[in-house]
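Undergrad: Using our numbering, the first residue of the sequence shown is number -18, and each one after it goes up by one.
Note that these hints are calculated values from the structure, not bench results. All figures in this text were calculated on a predicted structure; none of them were measured in a lab. A virtual CB, placed ideally from N, CA and C, is assigned to each residue, including glycine. Check the hints yourself; a few may be wrong.
[What the hints assert, rightly or not] Each computed DSS-like pair below joins lysine-lysine, with the alpha-carbon atoms no more than 25 Å apart:
{"hint": "1", "residue 1": "Lys42", "residue 2": "Lys56"}
{"hint": "2", "residue 1": "Lys13", "residue 2": "Lys36"}
{"hint": "3", "residue 1": "Lys54", "residue 2": "Lys68"}
{"hint": "4", "residue 1": "Lys32", "residue 2": "Lys13"}
{"hint": "5", "residue 1": "Lys72", "residue 2": "Lys54"}
{"hint": "6", "residue 1": "Lys72", "residue 2": "Lys42"}
{"hint": "7", "residue 1": "Lys56", "residue 2": "Lys66"}
{"hint": "8", "residue 1": "Lys73", "residue 2": "Lys32"}
{"hint": "9", "residue 1": "Lys56", "residue 2": "Lys13"}
{"hint": "10", "residue 1": "Lys32", "residue 2": "Lys68"}
{"hint": "11", "residue 1": "Lys49", "residue 2": "Lys13"}
{"hint": "12", "residue 1": "Lys49", "residue 2": "Lys36"}
{"hint": "13", "residue 1": "Lys68", "residue 2": "Lys56"}
{"hint": "14", "residue 1": "Lys56", "residue 2": "Lys36"}
{"hint": "15", "residue 1": "Lys32", "residue 2": "Lys42"}
{"hint": "16", "residue 1": "Lys54", "residue 2": "Lys42"}
{"hint": "17", "residue 1": "Lys42", "residue 2": "Lys68"}
{"hint": "18", "residue 1": "Lys54", "residue 2": "Lys32"}
{"hint": "19", "residue 1": "Lys32", "residue 2": "Lys49"}
{"hint": "20", "residue 1": "Lys56", "residue 2": "Lys72"}
[What the hints assert, rightly or not] Distance ranges between label pairs, derived from CB positions:
{"hint": "21", "residue 1": "Pro69", "residue 2": "Val41", "range": "35 to 41 Å"}
{"hint": "22", "residue 1": "Asn71", "residue 2": "Leu11", "range": "50 to 56 Å"}
{"hint": "23", "residue 1": "Lys13", "residue 2": "Lys(-16)", "range": "43 to 49 Å"}
{"hint": "24", "residue 1": "Glu5", "residue 2": "Asp103", "range": "49 to 55 Å"}
{"hint": "25", "residue 1": "Glu92", "residue 2": "Ser65", "range": "24 to 30 Å"}
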Amino acid sequence: MRKDLKINLALFIISTSLVLVFFELGARYLYKPKNLNYSQFIQRSNNPNIKWEHKPNISVKVNNENFKITTDKWKFRREENNISKIKPGNKKRVLLIGDSVVEGHGVNDAETFSSIMENIDDDIQVLNAAVGGYNTFQE
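Please construct the entire structure, taking both the sequences and the accompanying hints into account.
TA: If you want it as structure tokens, here you go:
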């Protein structure tokens, strides 16, 4: 009886391992993720703590994907290049910092959180300084 249990357990482990290997190889064959060309919109930063940042004044369709990234001269992600250093007296400014979620990676400029915030309230100006891949220290 004890010998049969060991044989059954060994067969179970071997067959389960073979099934998992088969599914892993199948998934790798069928799913081939696209490699993004980040150099289209990201550049190396002079600040050693940040390491990378958006390129200024760009408007690129990312790797023939269905979204476009636009930045202004201050490297904020936004459609209009109308930000001045001096805050407009009638508006409040909101600065968003964060990673690709806040940046809006994967969506068009008009669909980002910052753009939606600006469209909801005319009394605020939103500066989206988020950059994909940033961690808490870089923010």
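Undergrad: Against this structure, judge whether each hint is valid.
TA: Each hint, compared with the structure:
Distance check on the hinted pair: Lys42 and Lys56 sit about 16 Å apart at the alpha-carbon level, within 25 Å; holds. Among the hinted pairs, Lys13 with Lys36 is inconsistent with the structure: their alpha-carbon atoms are about 28 Å apart, more than 25 Å. For the hint linking Lys54 to Lys68, the alpha-carbon distance of about 16 Å falls within 25 Å, and the restraint holds. In summary, the hint linking Lys32 to Lys13 is not supported, as the alpha carbons are separated by about 28 Å, beyond the 25 Å threshold.
Between the alpha carbons of Lys72 and Lys54 the distance comes to roughly 20 Å, so the proposed pair stays at or under 25 Å and holds. For the given pair, Lys72 sits about 31 Å from Lys42 by alpha-carbon distance, which is inconsistent with the 25 Å threshold. Taken as a hint, the Lys56 and Lys66 pair is honoured in the structure, with Cα atoms around 13 Å apart against an allowance of 25 Å. Between the alpha carbons of Lys73 and Lys32 the distance comes to roughly 30 Å, so the proposed pair goes past 25 Å and is violated.
Taking the CA atoms of Lys56 and Lys13, the gap is about 32 Å. The hint is violated against a cut of 25 Å. Distance restraint check for Lys32 and Lys68: the Cα-Cα separation of roughly 28 Å exceeds the 25 Å cut-off, and the hinted pair is therefore not satisfied. Restraint check: the Cα-Cα separation between Lys49 and Lys13 comes to about 22 Å, which is no more than 25 Å; the hinted pair holds. Between Lys49 and Lys36 the alpha-carbon distance is near 14 Å, which keeps this suggested pair within the 25 Å criterion.
Between the alpha carbons of Lys68 and Lys56 the distance comes to roughly 17 Å, so the proposed pair stays at or under 25 Å and holds. Taking the CA atoms of Lys56 and Lys36, the gap is about 6 Å. The hint holds against a cut of 25 Å. In summary, the hint linking Lys32 to Lys42 is supported, as the alpha carbons are separated by about 23 Å, within the 25 Å threshold. For the hint linking Lys54 to Lys42, the alpha-carbon distance of about 18 Å falls within 25 Å, and the restraint holds.
Only pairs whose Cα atoms come within 25 Å are accepted, and Lys42 paired with Lys68 is rejected, the gap being roughly 30 Å. Between Lys54 and Lys32, the direct Cα distance comes to roughly 19 Å. Compliance with the 25 Å bound is thereby established for this hinted pair. Proposed proximity of Lys32 and Lys49 is supported: the alpha carbons are some 23 Å apart, at most 25 Å. A hinted pair counts as satisfied when its Cα atoms are at most 25 Å apart, and Lys56 with Lys72 qualifies at roughly 21 Å.
Separated by about 28 Å at the C-beta atoms, Pro69 and Val41 break the suggested range of 35 to 41 Å. Between Asn71 and Leu11, the C-beta spacing of about 55 Å keeps the proposed range 50 to 56 Å intact. The hinted range of 43 to 49 Å is satisfied by Lys13 and Lys(-16), whose Cβ atoms lie roughly 46 Å apart. For Glu5 and Asp103, the hinted distance range of 49 to 55 Å is satisfied, since their beta carbons lie about 53 Å from each other.
In this structure the hint that Glu92 and Ser65 lie 24 to 30 Å apart at CB holds, the actual value being about 25 Å.
In summary, the structure is inconsistent with hints 2, 4, 6, 8, 9, 10, 17, 21 from the numbered list given earlier, while agreeing with the others.
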